[in-house]
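J.: Start from the sequences and build out the full structure, keeping to the hints where you can.
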Amino acid sequence: MTHAADVLVIGGGIIGLSCGFYLTKRGKRVCVLDSGGFADGASGACDDMILFQSKKPGINLELTFESLELYKSLRAEVDDNLGFANLGGMVLIENQQELEIMEEFVSQQRSYGLDVEVIDKREIHKKQPFLSDHIIASTYSKMDSQIDPFAVMRAFERKGSSYGMKVFRRNGVVGIERIGNGDYLVSTQDGTVFQAPIVVNAAGTWAGQIGEMVGANVPITPKRGQIIITERVPPIGETNLWSAKYLVTKLRNDVVVDLNEDERSMGLSFAFTRSGGDTYLVGSTREYVGFDKGTTIGGIRAIINQTLKYLPRLRDVNFIRAIAGLRPSTPDGRMLLGEHAGIDGFFTAAGHEGDGIALAPITGTLLAAMVCRDPGDHRLDELSPNRFANL
Amino acid sequence: MQRILDHPILGPLPEEEKVTIYVDGEPVEARKGEMIAAALMATGKPYFRKTVKRHEPRSIFCGIGRCTDCVMTVNGTPNVRTCVTAVEEGMVIETQMGFGDWGGKR
Numbered sequence: 000m001t002h003a004a005d006v007l008v009i010g011g012g013i014i015g016l017s018c019g020f021y022l023t024k025r026g027k028r029v030c031v032l033d034s035g036g037f038a039d040g041a042s043g044a045c046d047d048m049i050l051f052q053s054k055k056p057g058i059n060l061e062l063t064f065e066s067l068e069l070y071k072s073l074r075a076e077v078d079d080n081l082g083f084a085n086l087g088g089m090v091l092i093e094n095q096q097e098l099e100i101m102e103e104f105v106s107q108q109r110s111y112g113l114d115v116e117v118i119d120k121r122e123i124h125k126k127q128p129f130l131s132d133h134i135i136a137s138t139y140s141k142m143d144s145q146i147d148p149f150a151v152m153r154a155f156e157r158k159g160s161s162y163g164m165k166v167f168r169r170n171g172v173v174g175i176e177r178i179g180n181g182d183y184l185v186s187t188q189d190g191t192v193f194q195a196p197i198v199v200n201a202a203g204t205w206a207g208q209i210g211e212m213v214g215a216n217v218p219i220t221p222k223r224g225q226i227i228i229t230e231r232v233p234p235i236g237e238t239n240l241w242s243a244k245y246l247v248t249k250l251r252n253d254v255v256v257d258l259n260e261d262e263r264s265m266g267l268s269f270a271f272t273r274s275g276g277d278t279y280l281v282g283s284t285r286e287y288v289g290f291d292k293g294t295t296i297g298g299i300r301a302i303i304n305q306t307l308k309y310l311p312r313l314r315d316v317n318f319i320r321a322i323a324g325l326r327p328s329t330p331d332g333r334m335l336l337g338e339h340a341g342i343d344g345f346f347t348a349a350g351h352e353g354d355g356i357a358l359a360p361i362t363g364t365l366l367a368a369m370v371c372r373d374p375g376d377h378r379l380d381e382l383s384p385n386r387f388a389n390l
Numbered sequence: 000m001q002r003i004l005d006h007p008i009l010g011p012l013p014e015e016e017k018v019t020i021y022v023d024g025e026p027v028e029a030r031k032g033e034m035i036a037a038a039l040m041a042t043g044k045p046y047f048r049k050t051v052k053r054h055e056p057r058s059i060f061c062g063i064g065r066c067t068d069c070v071m072t073v074n075g076t077p078n079v080r081t082c083v084t085a086v087e088e089g090m091v092i093e094t095q096m097g098f099g100d101w102g103g104k105r
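One line per chain: the protein sequences are A and B, in this order.
Taken in order, the first sequence gives residues 0 to 390; the numbers are from numbering that gives the first Met the number 0.
Taken in order, the second sequence gives residues 0 to 105; the numbers are from numbering that gives the first Met the number 0.
It is worth saying that the hints were derived from the structure and are not from the lab.
Fair warning: there could be bad hints in the mix.
What the hints assert, rightly or not - Have a look at the derived ranges for each label pair, beta carbon to beta carbon:
(1) B:50 with A:125: 54 to 64 Å
(2) A:121 with B:4: 20 to 30 Å
(3) A:57 with B:54: 26 to 36 Å
(4) A:317 with B:49: 12 to 22 Å
(5) B:56 with A:260: 48 to 58 Å
(6) A:121 with B:50: 28 to 38 Å
Unchecked claim - If you want a taste of the chain A side facing chain B, the calculated C-beta under 8 Å gives, among others:
(7) 125
(8) 129
(9) 232
(10) 341
We put the CB at the ideal spot given by N, CA and C, even for glycine.
T.: Below is the structure:
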């Protein structure tokens, strides 16, 4: 059996569904194809942040602003809050060296229009009375927000389907072939074939394998992030929290942060976010272990020990679940978004690593504009997948 | 007082050392080693917490540490299962309203 469409989107995570949704709104007949069930991949095993503070000034920060606005209109369009919350965020600084690096980073971000500042111990205590005394300073941005990824994916899928988008699940793509008129034939596990002039590779961590089917180089490596979820507890502070460690290592690879060997090999850093369900999501690790998305005792223990270092009062709190997701990471920390040179009609929208939730609506919107051949946006040149074409 | 002092099969309650715990600010005498829930039932306390959404009273349900219905704020930590947590001298126990709070202590 063959399904004909205008666009085939491969991957039904938050990015694929966003692409499908915005393409459908632009009048395209879209089929979204996914090998797994709803929220089976990284989109269902992550935190829910629209985080500004982690973004380097530049395209990622710029797109996050635009994404936040798009989330506003999406919530209005589907008449649902989608678990949106605006608690603000703090990045915890533990020593002088981190302070110097973060001060510089904050001033760069401010010059880019981000409302963020460095606050002292007294201010910290007001917002986070239970934080450990060893924190010497912190950043604070009231812009950091969050939104429930499951609610967003359901909204894209339901609203998109009401506009005519079709989603096919539990039926992986096994091959892509191009026929005489330039159309692509995408064959799937159960034998169904899909035909369209445009294919969008939104397969996240697995986008490299889809790229291979048409000879496109999509250098995405799975980075495993383990997260634990606490029982329902009262708020322990006003904001969500991160440690400066991860940002510092990202910004300055010459700086050695204070971690033991195990923690370093796991890429441990602190992320502490309150969910709409009154639990906390606490992470996380960043491990290169291939496509294994299991949780480990070592990872869970490291996250717990780290949490108690920052918030000793959580000692008697139970965690109820541990999850792990494979973040699609790219060599330069930026996503791939655009058409592959020499493979007309084949687009990739993948490689968001930890920014998939934050950047989903803007990714889908920009992708739809490219597919519809809107006038080019030169800011996006640096996201083109062709930067990796000759590697 | 809901303590069984003379049980038809187990016989009379043996003597035990006493500790003082503070329940919603009031001192309460408890038997050393007993669970918080046992001490509170002995005082006739009608409920241990109120639920998050409907503010309904809750007390002992399973009594073996599984159901979490009897949780209270103990020494400033919310969600402590009182049926499996032993009393200690000077323990501060509060009726938990909804999620409770962190008691302002570090």
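J.: Please go over all the hints and tell whether each is borne out by the structure.
T.: Tested hints:
no.	hint	in the structure
1	B:50 with A:125: 54 to 64 Å	30 Å, violated
2	A:121 with B:4: 20 to 30 Å	55 Å, violated
3	A:57 with B:54: 26 to 36 Å	49 Å, violated
4	A:317 with B:49: 12 to 22 Å	21 Å, holds
5	B:56 with A:260: 48 to 58 Å	51 Å, holds
6	A:121 with B:50: 28 to 38 Å	37 Å, holds
7	125	13 Å, violated
8	129	6 Å, holds
9	232	6 Å, holds
10	341	57 Å, violated
Consistency with the previously given hints fails for numbers 1, 2, 3, 7 and 10, ordered from lowest to highest.
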